[in-house]
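Here is how the chains run, residue by residue.
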Amino acid sequence: SAVISQKPSRDICQRGTSLTIQCQVDSQVTMMFWYRQQPGQSLTLIATANQGSEATYESGFVIDKFPISRPNLTFSTLTVSNMSPEDSSIYLCSVDPVGRGSYNEQFFGPGTRLTVL
Amino acid sequence: GENVEQHPSTLSVQEGDSAVIKCTYSDSASNYFPWYKQELGKGPQLIIDIRSNVGEKKDQRIAVTLNKTAKHFSLHITETQPEDSAVYFCAASIEDTGRRALTFGSGTRLQVQP
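Protein sequence lines correspond, in order, to chains D and Y.
Going left to right, the first sequence walks through residues 591 to 707 as my numbering numbers them.
Going left to right, the second sequence walks through residues 3 to 116 as my numbering numbers them.
Quick caveat, the hints were computed from the structure, so don't treat them as lab data.
Be aware that one or more of the hints could be misleading.
Said to hold, decoys possible - Examples of chain D residues toward chain Y, derived with CB under 10 Å:
#, residue
1, Q596
2, Q627
3, G630
4, Q631
5, L635
6, T638
7, E648
8, I680
9, E695
10, F697
11, F698
12, G699
13, R703
To be verified - Listed next, with one range per pair, are the computed distances between beta-carbon atoms:
#, chain 1, residue 1, chain 2, residue 2, range
14, Y, S28, D, S674, 26 to 36 Å
15, Y, S14, D, G642, 43 to 53 Å
16, D, G642, Y, E17, 49 to 59 Å
17, D, I653, Y, S14, 41 to 51 Å
Claimed, not checked - Result set (SDA-like, lysine to any residue): computed pairs, CA atoms no more than 20 Å apart in a straight line:
#, chain 1, residue 1, chain 2, residue 2
18, D, K597, Y, Q47
19, Y, K39, D, G630
20, Y, K44, D, Q614
21, Y, K44, D, L704
22, D, K597, Y, L42
23, Y, K39, D, R703
24, Y, K24, D, S632
Because the structure is a prediction, the values reported are computed rather than measured.
Note that beta-carbon positions come from the ideal geometry of N, C-alpha and C, so glycine has one too.
All chains should be built: construct the whole structure from the sequences, respecting the hints.
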């Protein structure tokens, strides 16, 4: 498995502002994913971060609200834009191990706990 | 799309007892079924997975069974210990296709009483 770190680990933000979350992996990975976990709930995929191309968003999530960057094979960012209290969640990045040819074996970072006031 | 249902939502057992968590899925094309353990304040940790070409897989005290006909799979933890207390999530996906997103169940909060 890969070692995944996220920054910040937590933040408290004012509504209307934006926050960029960073995800760093200790090895090159083919695919990186961003999930949202609302309080006490399950995980919902926001988008797949593709290196060298635009992210692929799931139904209900749009690029204007959650812009994603993937400049190389070890790093990605997710921005939560124009935040409202409904965006208060844990945001998690996950990766697939390079070389296995399958991106189903996903390993998760520790998460970023966001509170919007 | 895929829908995964997970039961029970909470489970309390005595230390040393067994715990069983069950999931059902809707898409018969799904062929990969991982289980994650999430401790408080941490990200989910992959603990075991199973693919549709096998019916059972074991790893020490943890086992997963899969019934493709009935479209359900289960997590079995034997000889539970207090450190097994966490939230467990099942998931399902289709490997080897262009879109391999994991669909998660709603989670089971397991409490092991010492």
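Structure versus earlier hints, numbers of those that do not hold, lowest first: Result: no hint breaks.
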